[in-house]
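Can you make the complete structure from the sequences, with help from the hints?
Chains as they are written, first to last, in this note's numbering: chain E, 315 to 705; chain Z, 315 to 705.
Take every hint as true, because none was put in to throw you off.
Heads up, the list lumps identical chains together, so a pair's fine if it works in one copy or across two of them.
Listed next, the in silico DSSO-like pairs over lysine-lysine satisfying Cα-Cα at most 30 Å (straight line):
id : residue 1 : residue 2
1  : K319      : K625
2  : K355      : K318
3  : K625      : K587
4  : K403      : K471
5  : K471      : K446
6  : K698      : K319
7  : K577      : K319
8  : K587      : K319
9  : K698      : K318
10 : K698      : K625
11 : K319      : K568
12 : K355      : K319
13 : K319      : K362
14 : K587      : K318
15 : K446      : K472
16 : K568      : K625
17 : K625      : K577
18 : K318      : K625
The hints are simulated quantities; they were obtained by calculation from the structure and are not laboratory data.
Number of protein chains: 2
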Amino acid sequence: MYIKKQRLLTPGPTPLLPSALHAMMGSDIHHRTEDFRNLYKRVLANLKDILGTSNDVLVLVASGTGALEAAAQNFFSPGDEVLVCSAGKFGERWVEIARAWGLNATVLSAPYGDAVQPETVEQALAGNRNIKGVFAQASETSTGAQHDVKAMGHAVKKTDAIFVVDAITGIGTMPLEIEAWGLDVVIGGSQKAFMIPPGLAFLSISQKAWGSGEDSKSPRFYFDLKRERKNAATGESAWTPNTALLLAFDEALKYIQSLGPHKLVANAQLLAKATREAVTELGLELFSSAPGSSVTSVRAPRGMDSGVIVKEFRSRFNAIISNGQGSMKGQIFRLAHLGYFDFHDLFAIVAELEIILNANGHAVRFGSGVAAVQNAYADAALAKEAALTAG
Amino acid sequence: MYIKKQRLLTPGPTPLLPSALHAMMGSDIHHRTEDFRNLYKRVLANLKDILGTSNDVLVLVASGTGALEAAAQNFFSPGDEVLVCSAGKFGERWVEIARAWGLNATVLSAPYGDAVQPETVEQALAGNRNIKGVFAQASETSTGAQHDVKAMGHAVKKTDAIFVVDAITGIGTMPLEIEAWGLDVVIGGSQKAFMIPPGLAFLSISQKAWGSGEDSKSPRFYFDLKRERKNAATGESAWTPNTALLLAFDEALKYIQSLGPHKLVANAQLLAKATREAVTELGLELFSSAPGSSVTSVRAPRGMDSGVIVKEFRSRFNAIISNGQGSMKGQIFRLAHLGYFDFHDLFAIVAELEIILNANGHAVRFGSGVAAVQNAYADAALAKEAALTAG
Chain E
315 MYIKKQRLLT PGPTPLLPSA LHAMMGSDIH HRTEDFRNLY KRVLANLKDI
365 LGTSNDVLVL VASGTGALEA AAQNFFSPGD EVLVCSAGKF GERWVEIARA
415 WGLNATVLSA PYGDAVQPET VEQALAGNRN IKGVFAQASE TSTGAQHDVK
465 AMGHAVKKTD AIFVVDAITG IGTMPLEIEA WGLDVVIGGS QKAFMIPPGL
515 AFLSISQKAW GSGEDSKSPR FYFDLKRERK NAATGESAWT PNTALLLAFD
565 EALKYIQSLG PHKLVANAQL LAKATREAVT ELGLELFSSA PGSSVTSVRA
615 PRGMDSGVIV KEFRSRFNAI ISNGQGSMKG QIFRLAHLGY FDFHDLFAIV
665 AELEIILNAN GHAVRFGSGV AAVQNAYADA ALAKEAALTA G
Chain Z
315 MYIKKQRLLT PGPTPLLPSA LHAMMGSDIH HRTEDFRNLY KRVLANLKDI
365 LGTSNDVLVL VASGTGALEA AAQNFFSPGD EVLVCSAGKF GERWVEIARA
415 WGLNATVLSA PYGDAVQPET VEQALAGNRN IKGVFAQASE TSTGAQHDVK
465 AMGHAVKKTD AIFVVDAITG IGTMPLEIEA WGLDVVIGGS QKAFMIPPGL
515 AFLSISQKAW GSGEDSKSPR FYFDLKRERK NAATGESAWT PNTALLLAFD
565 EALKYIQSLG PHKLVANAQL LAKATREAVT ELGLELFSSA PGSSVTSVRA
615 PRGMDSGVIV KEFRSRFNAI ISNGQGSMKG QIFRLAHLGY FDFHDLFAIV
665 AELEIILNAN GHAVRFGSGV AAVQNAYADA ALAKEAALTA G
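If you want it as structure tokens, here you go:
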């Protein structure tokens, strides 16, 4: 307990891929050169491949919020009527952004931890033919809840509205069939399942979305997506790109391709399942009624502030996990699975959680939660072996 | 189980300190400059401080074996009579080196896993007044056994012989009072408790050792320690230094000083204790009769090749641990504690060991070994708290 390695275990920024981190050391390149254009084209092509779409894919030098704003700015005009699904802190951010850009937002809300039902979206669309867009989180990072964007997409598809999906923690943690499900704008960020530091955001954009943006009257300059599209076609970015992060992104995309993008999702799903089983075994309650695989929100035991758990992870083990956000601060803590996480991480996290719970009056048997993770691992290993034999 | 981060968990090379790794990026410096001289002087001074000695301390561009050879070369002459304590693969290396340099070596051997007793050394010294040197490992890395170099040193001190200690895995894992115990030459390497990659070796050298080397007739050039001493006094190395590793070493030494050198030792001792308790709980047998804290050697269960355990750590979890060496290959596996290891590592390692044992016919209850580690942690945390309250 004298040496405590710092470990970043939050749902963003997430643990870094070493080869990506090392690639940043090659940043002494210039961005108006053929070398850079090759890099940029490769990153865009590989990202498109991993997202599984033939829609346009653009990268911005911004955090995810910048890309959320770019969507509101480029595809709508002040006064447009939009529906905003809100089931947590990031749903609330959609509301704020929509209002900042003068959009006439109808909020479809669900309590923290729950998800807005697709039927609610469908009914709202049916009740108002003027709706130009629907905003939702694929995965609500503040609670770990997952929206059924497939069903929502099918509802939006039948209308003239476009479906704008914040998939910042959805990509890499849940299946997302961008074209089949009608996800017109899908937004991601570098510091999530992509295993690199914050600083890059990206969007996939359907023809329907570009069409919707044709007559947009919102002012824009830095986030002018048409301008980015025009430049991207030549392997350049409109403004100075973040070369260090693009070098890292290039490595991370290669790693994800070597792993297989669906395995990135399967990895998060398996760790999420093991985590749910472990915390249940430890007598804790899951917070979300619609738990996804980006992050698992867990209620602190009765009478214990979840901040104590977060603080003791840091003070005892130098491990950084997340507290609840917004109104859930102090009530829940969040264990992340998205991106570069593995079972080794989870064995240790659960062992540490057991120690912290015990030290704070929630008695658990040492090793019992870890055993639940070990069983989840063993079951999955057997299933994988059986699949290999069958194949 | 789709993402498996590679984790280096061997007794050397050991896990790297991130700040040291990052410092290597500053290698675009020249070694005949004032900047370098300041770096080199600081490294030597801090290393001396951490070793707790006022003896000369020299750094070589070599792996540890180079420094072992330098000792044989610089402080003895062909034909000199020496005693070599040998209780494993590295003891055998001392014998090979002594013979390569024409020393007349009497081998005091103990079986793998055991330690040579200080009385054996004392008796051999008493029986031959011509002995010029005694060679021993502080910690025999191949078995995890620890020699009582304090008692050995006291015996050697009374004679004209010098005591040459391979402390490559001893430094940072056991107390070593260089001057008080009469450890005339103490040898260490960068890739052990010092948390940086292989490539640097170092020696502390007493006045008695320098005296013994005065009339040495062995040829030497690269490993001419007097030449190194003369250069080191001016902040330079005799030959081109490994600047990348010196930058890393500088960071690692600062980290160890901020931690406190005795806490580096306490950390390894605590992890070693927790490991012994965990493997015993899992029904496994410790290999060494004199277990130290650099590495714990564990016998594979009856009928199981220890290579299977090592291979499955890699194939299932991408974790690199060590097999037995020499005659112990296939019979034991080794779990390391020296340098940048913490409880988080150990929780996961033991959870993984449980899975591997279970999958290979040695049934254990999942979580039972982890619980032993958790109990060791909790006991130490309570003791630390009590000490803080008392202090």
